[in-house]
Structure formats: C-alpha cells, structure tokens
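Listed in order, the protein sequences are those of chains A and B. Reminder that position 234 of the first sequence reads as 234 in UniProt numbering, one-by-one numbering, no gaps. Reminder that position 116 of the second sequence reads as 116 in UniProt numbering, one-by-one numbering, no gaps.
FYI, nobody ran anything at the bench for these hints, they're computed from the structure. Incorrect hints may have been included.
Treat identical chains as interchangeable: a pair holds within one or across any two.
[To be verified] Distance condition first, Cα-Cα at most 20 Å in a straight line; then the derived EDC-like pairs of lysine to aspartate or glutamate:
1. K293 / E72
2. K328 / D209
3. K336 / E91
4. K176 / E56
5. K293 / D193
6. K97 / E234
7. K293 / D346
8. K235 / E161
9. K319 / E91
10. K97 / E283
11. K211 / E56
12. K235 / E74
2 protein chains.
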Amino acid sequence: MEKLLVETPGSTYPVFIGEGIRNNCAELLQPLLSKKSKALIITDSHVNTLYGEDLETNLNSMLPTTLFTIPEGEQSKSIEAYENGLTACIEANLDRKSVIIALGGGVVGDIAGFIAATYMRGISFVQVPTTLLAQDSSVGGKTGINHRLGKNLIGAFHQPEAVVYDTLTLATLSDKEWRSGFAEMIKHAYIKDPEFLSWLKDNVTCMEDMKKNGLLQFLKRSIAIKADIVKEDEKEAGIRAYLNFGHTLGHALEKVSGYGHITHGEGVAAGMIFAMRLSNHLELAHWDIDIEKRWLENLGYPVHAASMQSPEALISAMKTDKKTTAGKLTFVLAEKPGFPFLQTVDESDVLFLLKAEKKERDFL
Amino acid sequence: MEKLLVETPGSTYPVFIGEGIRNNCAELLQPLLSKKSKALIITDSHVNTLYGEDLETNLNSMLPTTLFTIPEGEQSKSIEAYENGLTACIEANLDRKSVIIALGGGVVGDIAGFIAATYMRGISFVQVPTTLLAQDSSVGGKTGINHRLGKNLIGAFHQPEAVVYDTLTLATLSDKEWRSGFAEMIKHAYIKDPEFLSWLKDNVTCMEDMKKNGLLQFLKRSIAIKADIVKEDEKEAGIRAYLNFGHTLGHALEKVSGYGHITHGEGVAAGMIFAMRLSNHLELAHWDIDIEKRWLENLGYPVHAASMQSPEALISAMKTDKKTTAGKLTFVLAEKPGFPFLQTVDESDVLFLLKAEKKERDFL
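Looking at chain A on its own, in the form it has when it is part of the complex (with noise of 0.2 Å):
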C-alpha cells in the first residue's frame, strides 16, 4: 500500500493506494472514525452490488453505519437527487460529528462531497472512489451537481478527510471508463510532466496498454501532480484552472450531445486536442496536431467528437462554463507539454476552427 499526503491551507489528509484496501477501510480511518458518531455510506445501484454490502460491514465493525443508494448514471447529480441525499441524511440521523462515505465513480464523488458540504452547513467526508475518473476528481475538494442549464454550476470547494483507493476495483471497469478516467492522466501529463508523457506515448498505445503497463506508479505520478497543484491554489483562483486543459469543449461536447452519450474523458480528450489547434491557430503554438491526434485516436478517443455538433450550439454552451467571465469564452491553451496558460479567446476564431473540423469530416 502507498500513501500520498494532499496539503490545502485548511487541512491535510491521506490518499490509502492499495490492492484491495477497501476491506481495510474501518482499520485505515481508524483515527478519524474513532471520533465520529455515525457514517452514511452514499454509493449507486451499480457499484452498491458489487462492494455496497462488504463496506457497510467493515464500517459498521468502527461506529454504526447505514447506506444509501442513488441510481446509476449523471442524472443522480440533479437537484432532485441532491434533495433526496439530504433527505437521507436527516433521516440517517446524521449530525455535525458524523461522516458521508462516498463508495463509486465520479458522480457519486461530486454529489456525495457537496451534500457533505451543505448537510448542517459541512460535515466530514471520506471518498472511495472505484473508477479511474473519481480516483482523480476525489483529490481536491471539488464537489458539486448539475443545473438543467449547465454542468457543475452548483458546488462547493470540501475536501474530504480521507482517500481510499482500492486499485481492484479497476478490474470491473468497462472500457469506456478505462478510457474516460485515463483521459484526466494524460491531462496531468500534458499540462505538467513533459517526460512523463513521453514515457506514456511509448508505453501506452493502445487500451491494453492502460490496463497493464506498471499502472500503480502511473496513480501516483498522477495524483502528486494534481495534490501539488491543489496545495498550491486549492480555490482555483490561480494556476488550479491548468487542470481545466481540454474541459472548455469537452464541458461542452457532453452537454450538446447529451450527458452519458459521450463521457467525460471522451470529452477532455477532443477538447485537449482542440485546445492544441487553438493554440497553434492563434500562433502561440507549433504542436504537432496530427501526431498526437493519432495516438489518442488509438487509445479509442472520439477526437473527432466536435464535428459531430453544430458549432454554433457548441459556443453556446461553452457561454455557460466557469471559466467564462465578462462573455469571453477562456481556454486553457499551451505552448508546449508542460507550459499551459489561460487565454481569453474571440468567439469567431472559435467558430472558424470549429467549421473547418466539420469541414475536414465533410471531406474524409
């Protein structure tokens, strides 16, 4: 088992890496359950069936645990779930000592942390996350759900307490997941590692690859630099929005096409790319596009995925992500592996490069 140390100004917690911890949680958390009343464990349909039941008797060897059970799927980070969690919560007797467990992916991650945030104006919480994808969104503090009009627009910043990741939980993901969760890794190594992206280029050529090629080292190079990057600016105010690299057309490439019909990683992964043709377009850049257009492409990423949409409902949507003030639409842009920086971007440069990708599909 591996332990990293995630600093923010408010506090300091532990990330557990290990092959099969999740069966230790009770042990692992000892210190910081020993002082809590009581646990909810907050997980999906999905993930409940396969490790549901294991946990909540782990937990409840510690202090007296209960679960709940969101359905499966992006439309559990809705207001109406996020209600029915809080609803759970006070029905669960929670109080300001007890403690949310959050036991799946991604969604279970986001909307656990913030009804941890919000219950009683904030209480403890412990993430396990199963996937790849919630394996990075767990470190960091962001939390949050979905507005009809807009991803993510509803949160709160809430570290959690703990990390427990159980890397055995890996083997029931589908390829898709695989997929979508190493697309945040290569994000990590783009905007910050230049030798290790090299080394991931080499290694790391097809979706086989990911399953195998010395992963839990790729883990914890990956969640150091995200850690490093939190210490440093844990309320986005700074060089935190890095991390956003590919996010502003993937955001947008989720929403158009409708949420769960391309994942998130699917997403940041077209949007990396685009954001390396934005680059060199507004000639801040000389990336290579097609090579490393071809690699990703072969990892299975939609990198195509924009000229599927109208460009004009892309930039619309874009108008709602976060990183957009006074109606400019920002990017994260990057000179090279390893320098990104943030660039306010004229709508009509957007536009052209977005028409000229529908335009070559036209074409192939």
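Place chain B on chain A using the hints.
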C-alpha cells in the same frame, strides 16, 4: 455613518450603518464593485416595491445590474426557491467575478447567501439588510435554506464582502418584525454583556421604547458582540454556539407551530426563558424566572408559546437541531447573564419542564 470591521480567519469586511445610506451603495462599495463584472440583486416581492428600483438604479451607475425577486416569506427558503435563484444567476450570465446583493430580511439574506456560496462553487456577495433580524444574521457568514424536515439544515459558511445597513429601512417594519429582530439583540446582552442587559431592562420596557431609545448605539453594540464571537469561532466549533441561546426550543416552536405563525425572534424569546428554567431545574443557575419573563412579556413576546404545543412534538423537532449529536439534546444554558455554556440534557428533564409549562397554563 458608522463603520465596523468584521474579522474572520479568511477575510475582513466592513459593516456600514447609517441613515439613508442604501442610496450611496455604489459609492460605499466602489472598491469592491469596481473589480466585479456584474451584479444581481436578490430581493423579495415586498422589499422590491420599497427599495428594489432605487438600489438597481444606484448600482447600475457602477456596473451592469439586474434584479431577481423571490416571493415574500419563509416559504422562499425552500430547495425549489434555491433552484429558481440559481436559474436567475445563469440567465443573468453571472460569472465568477460577479456579485450577488441580498436586499431584504433574514430569508433573503439566508437564501441569497447560500446561492452565492454555491453558484460556480462560490462568488462574492453583499448584504443590504432591511430588517432588524437581517441586520443580525447578515454578519457572520451563516447562509442556508430549509429542508421540509427541518429548518436551516442545508447551508454553508460564506462571509459577505460588505454589509450596508440603512437604519431608515426600519421605519417600514411591523411591530412583529421589530420584536423578532430585537430578540436577537436581547440575546446578545444575555450571553455577553450584563451591563448592557441592565441598561436595556431599565430603558426598554415596552414596544415603543425599542423604536426610539438610542437605537444606533444599540445596533453597533449588538453587531460588535456578534463580530467578536464570529472572529474567535467562525465555523461554530466552540463559543459561536452560544449565539444559539434560546434557539433549541425556538426553532422547535417555529417548526411545530408551522413556519410563519410564530416569528423567529418570538421563538427565541420563549426559548431563552425556557433555557433559564432548564438551567435552574438542573441546579446550574438561580434565575428569577418571573422577573425575566415579565420583562419579555411586557415587550410583547409569547413567553408561554411552548405550553400551546405537544411536548413530544417539540422534543421530536429539537432532535433535528444542528447542535444535537449522537441523539442527545443540546442546549445553550446560562449560569447568569454573561455566562453561557453548552449542555447536553436528558430528554426526560426537557419533557418534565415542557409538561410543567403546560400544566401552569391550564392552571392560569
């Protein structure tokens, strides 16, 4: 005009108090507003007719400003109203550099503050309280809404960046609203300032006295007491809980009698008398209950409110109080003026006293 500074671990902000200053908001807030992209005023239907247009015009001289109105009343602290407020933020294109202005009473301040706390994971907000009660709650950063199963169970700590308190707005308050707000001020005297309490008992002996006797001085003292407490304990890990003197029963009375039938301050006044009785009953104090009760009764407070309700229903409501941990009822008790303390109390003691109140009333 007077200016106080409220210090918290994360921020320091000004509280402006003066006659007619709401019409100088743009000027007073210039250092803050000049850095913002746009403003959204959130107010209620009643306050809007009084001050909405003036404030919108005033602020528009500084930055693009729009206004969103919620229905008047506690019902607007619902999850539905919260969602509507978020929709208004999105439709007004608020971004991370925007500011929400809460114009109104406690309900408006609580919900607008919670919207500001959670829209895009937190944006700036300014309080422009128009009632005595809101003047109290506008300092300290507690924001929140109600769940159908309990009051203020959902919320966040989110400090305003300024408070503008125009004492002229008090002119339009009903007696019920005066009484409601004044209870919090009396509470400050009970928990922290015995000398001030004596002055109040000598000088404020009927409703009309509230409205005339050195009000501005009183407001400042009351805010200063609260600011001192918030400075020491922003997140209510310790002494801030003393501000809940009278609130355990008070909240239960509001809930059991149906929100709106008894005002917040009326509930708190009855709750303070109950807390004194409980302090005596547990042999932790020697309050002369009759004297305290008579004073508050002369001011028009329903000090017997608990006797009208089922003791069991009140206890059940108290169990959803945020101070409750591990199912134990927790009260702020007081040995004497200026000496409050937190105490977990057996349900049987509370039940005994509630039943005694009922019997006394039947006897009268």
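Results for each hint:
1. K293 / E72: neither (32 Å within a copy, 55 Å between copies)
2. K328 / D209: Classified as neither: same-chain Cα gap 40 Å, cross-chain 55 Å, threshold 20 Å.
3. K336 / E91: neither (52 Å within a copy, 37 Å between copies)
4. K176 / E56: Close neither inside one copy (28 Å) nor across copies (50 Å); limit 20 Å.
5. K293 / D193: within (19 Å within a copy, 70 Å between copies)
6. K97 / E234: between (24 Å within a copy, 17 Å between copies)
7. K293 / D346: Classified as neither; 24 Å inside a copy, 68 Å across copies.
8. K235 / E161: Cα proximity of K235 and E161: in one copy and across copies (17 Å, 17 Å).
9. K319 / E91: Classified as between: cross-chain Cα gap 11 Å, same-chain 39 Å, threshold 20 Å.
10. K97 / E283: So K97 and E283 fail the 20 Å test inside a copy (54 Å) and across (28 Å) alike.
11. K211 / E56: neither (28 Å within a copy, 58 Å between copies)
12. K235 / E74: neither (24 Å within a copy, 32 Å between copies)
Hint compliance for this structure: hints 1, 2, 3, 4, 7, 10, 11 and 12 are not met, and every other hint is.
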